[in-house]
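On the provided structure of chain A, position chain B as indicated by the hints.
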Amino acid sequence: MLQYEILKFPDKRLNLVSKEVLTFDDKQKELTELLISIMKESKGCVGLAAPQINYQVRTIVVNVSFSKNKTIIKNSGLIVMNNPVIIKKEGIIVTREGCLSVPEFTGNVRRYERITVSALDISGKEFTLETEGFEAVVIQHEIDHLDGILFLDRLVSPNDIFKRKVLP
Amino acid sequence: MRYYLLTAFGKDRPGIVKEVSEILYNFNLNIDDSSMIRLNNEFTMMLIVEDSKNIDIEKVKKEFNILEKKSNLNIALKEVEKEDIPNEDNPIYDIVAYGKDKVGIIYNISKLLAKNNINIINLFTNKEKDFYSVLIRIEVDKNFKIQSLNKELERLRNDLDLKILISEVIKEEEM
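Those protein sequence lines, which keep their order, are chains A and B.
Under the working numbering, think of the first position of the first sequence as 1, with each following residue one higher.
Under the working numbering, think of the first position of the second sequence as 1001, with each following residue one higher.
Since the hints were made in silico from the structure, they are not lab data.
Quick list of the computed label-pair ranges, beta carbon to beta carbon:
{"id": "1", "chain 1": "B", "residue 1": "D1141", "chain 2": "A", "residue 2": "G91", "range": "37 to 43 Å"}
{"id": "2", "chain 1": "B", "residue 1": "D1084", "chain 2": "A", "residue 2": "M1", "range": "26 to 32 Å"}
{"id": "3", "chain 1": "A", "residue 1": "G77", "chain 2": "B", "residue 2": "D1141", "range": "29 to 35 Å"}
Just a sample of chain A residues kept apart from chain B, beta carbon distances all over 10 Å, derived:
{"id": "4", "residue": "L7"}
{"id": "5", "residue": "F9"}
{"id": "6", "residue": "L22"}
{"id": "7", "residue": "T23"}
{"id": "8", "residue": "K89"}
{"id": "9", "residue": "F127"}
{"id": "10", "residue": "E130"}
{"id": "11", "residue": "S157"}
Even glycine gets a Cβ: it sits at the ideal position worked out from N, Cα and C.
One chain only, chain A, in its complex shape:
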């Protein structure tokens, strides 16, 4: 079993830029499966990026199937992406985002509403995904993790960050 640690803000390792996945061996597969199982086990978790568990490689997993978010337009089920690149983007959507690495705090973030992403699947095969709404938001949030960017760096308004139980 792979060792891991869920990194939390202000851990500087969350600011590192992750390396491309070059080999699709058993270790890479094990990491992907670990990401999927952590996402599944964390209540209300819709996406996870490898650097969040201290593996600085460009692998993300997303699943909005059980989400209650109102901006869900498309649901592709479980998505595994290695070396994801956004190749087309349009529109603007503002969503209140939360992050496993910034527990309890939430803030409004502006993202592209519709995106097309090119990536490699779990076995290294190239594919593209067109998506929109909340699923597109989650993918952009995860890709940011690969570049060492947190949603805190993208708040629509700097004073818009608070805990769930505190009123604005």
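Same frame as chain A, but now just chain B:
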């Protein structure tokens, strides 16, 4: 670790927060949670402070007594238990009520909430001339039927001639 609740208020002017927090800083007391707000022209502060150095609190109290007299503030300091908030996963709702101001709006809404054993987490009110609005964030038990509260709020709407809205605060998903 010890925790204290500090309350301080006085006629508003620049420097109140500085004077209070300076004493805390000098004794190495950390502000854990706080609400500081101007109500009319009174500045009010409520703080939970954390003492990790096991300091002599009587010395702190003495400093605040001096400040109280010098700065014309009302200050109180009391040791409190620090407990984790129970039932973090309970559903949270916002109740918004607004309309013409009258005596008893808060009383009648809170009476209804208390009767249903509902806990208030936060409450904010606003008044502008005759227009009054209140925002109440409540926490209900997982098994509580919110429809029953809706029915009772409906009655209150008519009795108080207010708009009263209730909506669930959805917990943001993590990614």
